[in-house]
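**Q** Each chain, written out:
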Amino acid sequence: MAVKLVFLGRLADLAGAPEREVAGPLDWTGLVESFQGELGEWLAGERIKVAVNGTVLADKTSLTANEGDEVALLPPVSGG
Amino acid sequence: MKDVHLLTEPFNPGQLVGPFTNAHPGLGGVCTFVGEVRGGEGVEALELIHYERLTLPGMEALADEALERFDLMGVLIAHRVGEMHPGEPIVLVSAAARHRRAAIQAVDFAMDHLKSDAWFWKREKRGGEWHWIDPRPEDHADLARWDR
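These protein sequence lines are chains R and D, in that order.
Take my numbering: the final residue in the first sequence is number 80, and no numbers are missing along the way.
Take my numbering: the final residue in the second sequence is number 1148, and no numbers are missing along the way.
Looking at chain R on its own, in the form it has when it is part of the complex:
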């Protein structure tokens, strides 16, 4: 079991896949620092929200993900 990262919208293009498994435990700083380039810049920015196991974090910097958790990285939304 690992931590499953889910990339939504443009983040999936930048990551090259919609999902990726990484080793846990994982905090927000560790997650951001593990990505380079445009994806790293997006993750370090203000516009990304984060959900753990289907619950959106009020403060993404409080992230603590363990083995088996699903962490979704959510860029700005646009529907309708």
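Simulated from the structure, these hints should not be mistaken for laboratory data.
Heads up, none of these hints are tricks.
Non-contacting residues of chain D with respect to chain R, defined by C-beta distances greater than 10 Å in every case (computed):
no.	residue
1	1011
2	1019
3	1040
Below 25 Å or equal to it, Euclidean Cα-Cα: the simulated SDA-like pairs (lysine to any residue) are:
no.	chain 1	residue 1	chain 2	residue 2
4	R	60	D	1143
5	D	1002	D	1068
6	R	49	D	1141
7	R	4	R	35
8	D	1125	R	39
9	R	49	D	1064
C-beta: ideal position from N, C-alpha, C; glycine also.
Please build the complex by placing chain D on the supplied structure of chain R, with the hints as guidance.
**A** Same frame as chain R, now just chain D:
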């Protein structure tokens, strides 16, 4: 009555609105908005992405909020995901109420939230290439009208 659908295939709005309307005998009015993929502007296709764990629960919560906030008998929300072409419906909101204003306002409220405060990501294909669509400042201004 709350009727919420996340649809992966093309849909006919009338086939949802008809039964929804019939389910509310005694209503004074039904307000319905249908959003479609706009033609022209070089858009060949539109794709909407969702996230299983958030999108449908978020739509359910939005419907609950509309029911709590406006004097409604029922609300219907349907939203497409997947690839669509110009002329195809993307979104449908319908509200039934005893009096018109509640129905009209509830649809306006739900649409503003679906545009920029629901878990969807949208991209357009133009000239054979996909482009992600960011929310526009107007979308956020529309949403802010409902702050309280």
